[in-house]
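Engineer: What follows is the residue order along each chain.
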Amino acid sequence: MYVPPNELNGKEWDLVFQDLVKNNVFYVNISGGEPTVHPDFIEILDSLKKHKLHFIMTTNGLFSEKVLKKIKELEELLIGLKISLDGPDYISNGYIRRDVKKEINEGEFNRTLNNLKRLKEENIPFTIATCIHKGNINRMDEMLALILELKPISWYLSTISTSGRSFDNLDIFASDSELEKNKWENIKKVCEENDIFVNYIDMPFASAKKKKSKYYYQCPAARSFCEINSDGLVSPCPLARVNIPSEYLKFENIREKSIKEIWNGDVFKKFLSLSKQGCDGCNVKDKCDRCIPQSILWFEDHKLPPPHCIQNAKNLELNNQEYLKSLLKEKMREYERKNYINIE
Amino acid sequence: MKKYILNKHIRFRKEDGYILVCNCKRLLDYELPIEYFDFLESLKVGVNMKDISKGNLIVLKDFEILDIVVKEGKNVKKQREDIFKKLSYDDSEFV
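Chains as they are written, first to last, in my numbering: chain W, 1 to 344; chain Z, 1 to 95.
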């Protein structure tokens, strides 16, 4: 298996966890990529145990029996386990979750499903995360039946985010009209009757309540949360690491500085200061923690409002509303995301 | 003699003017006045009822209700709850 040479190894993660505990970090969220493929993954879990560090884990559920046993062993420290499952069968599940040969793999789907069943048998609580796309949007009824059988604590549904690799695979997005067709409220109702909590993430069409709400950002990045990437880079959040070029902010590495130095350092201070600079005219600029990565992603300019704020420009009383809307329309055309949001 | 000890899932730290207490298993946060810091520190190893000052006895009952402390030897009750909804960064970034 290929492991990038600059990734933190098990011993380095042990030092990171030691540093986090020393600086009173309460818990960590282990995610990826896929964390369980790290060659030192068992050592990393042992290190969490050694430092008594609580953890959340997000995984594709393809882990081995050895990892499953280790998770069971660490159940006291396990806060939550989120497992990705996109569809009720291997084709809809594998639509965007290909194997290393970039093929849809029936064996991998079965392995994930077996692990989910084992977790249920072992009474280890888990959450299922489903990413909605063209390959599973019409299989939601069967997916609901599988969810009821697996009985997770909760089921999280989201659409593909407009960043990173998804920009190169625009045909995988379910269109707005396809998303609207499904009976999201019914899914929620049925699950809640079965003691399964459902959450729609950034799917305003699925929740009447959010549609009416006044949008502004309340972001924990660099305030109560940060990301330590597998190569040791510490950034306020994954979007910031991926979208903010180094000429804006050059993020520091945990190999060179402690978490305390980085957290209190100039880079995080500058991020917070940029985030606090509200958009021109906005009537909630004092409350808003503006999403700098999204402004840069869409407009290559941290001073412009992110798309959802432009959509809500009238309520927010933004300056230059017509200009912002036409600029966003142009970008949506350029990125072939004509239906990303409705700005009429 | 009853001995009280910090719930094994509790972590705490000093913030600007207060103590931030976290139940890491259930992702519940509490803010406490800074004067209780030494009391919380002492609870890490366990404290006998008779050794607890009058002022601290008042808050001990609240600590017990909130599962911040438990009677020594007593297990913390498991809850079936969705912790991910408590993680604001995992939900929509809008409010």
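One thing to keep in mind: the hints can contain errors.
[As the list claims (entries may be wrong)] With the Cβ distance kept under 7 Å, some of the chain Z side facing chain W (calculated, not the full set):
1. Arg-11
2. Arg-13
3. Asp-16
4. Tyr-18
5. Cys-22
6. Cys-24
7. Leu-28
[Said to hold, decoys possible] Capping the alpha-carbon separation at 25 Å, the derived lysine-lysine pairs in DSS-like fashion look like this:
8. W:Lys-49 to W:Lys-69
9. W:Lys-287 to Z:Lys-86
10. Z:Lys-50 to W:Lys-72
11. Z:Lys-14 to W:Lys-269
12. W:Lys-72 to W:Lys-120
13. Z:Lys-77 to W:Lys-70
14. W:Lys-70 to Z:Lys-8
15. W:Lys-117 to Z:Lys-85
16. Z:Lys-78 to W:Lys-72
17. W:Lys-287 to Z:Lys-85
18. W:Lys-257 to Z:Lys-14
19. Z:Lys-44 to W:Lys-276
20. W:Lys-52 to Z:Lys-50
21. W:Lys-188 to Z:Lys-2
22. W:Lys-151 to W:Lys-117
23. Z:Lys-3 to W:Lys-72
24. W:Lys-49 to Z:Lys-77
25. Z:Lys-8 to W:Lys-72
26. Z:Lys-61 to W:Lys-49
27. W:Lys-260 to Z:Lys-14
28. W:Lys-260 to Z:Lys-54
29. W:Lys-50 to Z:Lys-61
30. Z:Lys-50 to W:Lys-49
31. Z:Lys-86 to Z:Lys-3
32. Z:Lys-85 to Z:Lys-71
33. Z:Lys-50 to Z:Lys-71
34. W:Lys-303 to W:Lys-314
35. Z:Lys-44 to W:Lys-50
36. W:Lys-52 to Z:Lys-3
37. W:Lys-134 to W:Lys-102
38. W:Lys-52 to Z:Lys-74
39. W:Lys-50 to Z:Lys-50
40. Z:Lys-78 to W:Lys-151
Calculated directly from the structure, the hints in this document are not laboratory data. Yeah, the Cβ is synthetic: ideal placement off N, Cα and C, and Gly gets one too.
Engineer: Indicate, hint by hint, whether the structure satisfies it.
Structural biologist: Each hint tested on the structure:
1. Arg-11: holds (5 Å)
2. Arg-13: holds (4 Å)
3. Asp-16: violated (13 Å)
4. Tyr-18: With a closest approach of 14 Å, the Z:Tyr-18 hint is violated.
5. Cys-22: holds (4 Å)
6. Cys-24: Constraint on Z:Cys-24 satisfied, holds at 4 Å.
7. Leu-28: violated (11 Å)
8. W:Lys-49 to W:Lys-69: Holds, at roughly 14 Å.
9. W:Lys-287 to Z:Lys-86: Distance ~21 Å between W:Lys-287 and Z:Lys-86 Cα, so the pair holds.
10. Z:Lys-50 to W:Lys-72: violated (39 Å)
11. Z:Lys-14 to W:Lys-269: holds (20 Å)
12. W:Lys-72 to W:Lys-120: holds (12 Å)
13. Z:Lys-77 to W:Lys-70: holds (22 Å)
14. W:Lys-70 to Z:Lys-8: Holds, because 20 Å separates the two Cα atoms, which is no more than 25 Å.
15. W:Lys-117 to Z:Lys-85: holds (23 Å)
16. Z:Lys-78 to W:Lys-72: It holds: about 15 Å lies between the C-alpha atoms, which stays within 25 Å.
17. W:Lys-287 to Z:Lys-85: It holds: about 22 Å lies between the C-alpha atoms, which stays within 25 Å.
18. W:Lys-257 to Z:Lys-14: This hinted pair holds, its Cα atoms lying about 22 Å apart.
19. Z:Lys-44 to W:Lys-276: violated (39 Å)
20. W:Lys-52 to Z:Lys-50: Given pair W:Lys-52, Z:Lys-50 is violated - Cα atoms ~30 Å apart, limit 25 Å.
21. W:Lys-188 to Z:Lys-2: violated (46 Å)
22. W:Lys-151 to W:Lys-117: Answer holds: W:Lys-151 to W:Lys-117 is near 10 Å, not above 25 Å.
23. Z:Lys-3 to W:Lys-72: Since the Cα atoms of Z:Lys-3 and W:Lys-72 sit roughly 30 Å apart, the hinted pair is violated (cutoff 25 Å).
24. W:Lys-49 to Z:Lys-77: holds (21 Å)
25. Z:Lys-8 to W:Lys-72: holds (18 Å)
26. Z:Lys-61 to W:Lys-49: violated (31 Å)
27. W:Lys-260 to Z:Lys-14: Measuring from Cα to Cα gives roughly 14 Å; hence the hint holds.
28. W:Lys-260 to Z:Lys-54: Roughly 37 Å separates the two Cα atoms, so the pair is violated.
29. W:Lys-50 to Z:Lys-61: Distance of about 32 Å is beyond 25 Å: violated.
30. Z:Lys-50 to W:Lys-49: Violated: Z:Lys-50 and W:Lys-49 sit about 34 Å apart, past 25 Å.
31. Z:Lys-86 to Z:Lys-3: With a Cα-Cα distance of about 32 Å, the restraint between Z:Lys-86 and Z:Lys-3 is violated, given a limit of 25 Å.
32. Z:Lys-85 to Z:Lys-71: violated (30 Å)
33. Z:Lys-50 to Z:Lys-71: holds (14 Å)
34. W:Lys-303 to W:Lys-314: Between W:Lys-303 and W:Lys-314 the Cα gap is close to 18 Å, so the pair holds against 25 Å.
35. Z:Lys-44 to W:Lys-50: Since the Cα atoms of Z:Lys-44 and W:Lys-50 sit roughly 18 Å apart, the hinted pair holds (cutoff 25 Å).
36. W:Lys-52 to Z:Lys-3: holds (23 Å)
37. W:Lys-134 to W:Lys-102: Given pair W:Lys-134, W:Lys-102 holds - Cα atoms ~17 Å apart, limit 25 Å.
38. W:Lys-52 to Z:Lys-74: holds (19 Å)
39. W:Lys-50 to Z:Lys-50: Not OK: W:Lys-50 and Z:Lys-50 at ~33 Å, beyond 25 Å, violated.
40. Z:Lys-78 to W:Lys-151: Holds, at about 17 Å.
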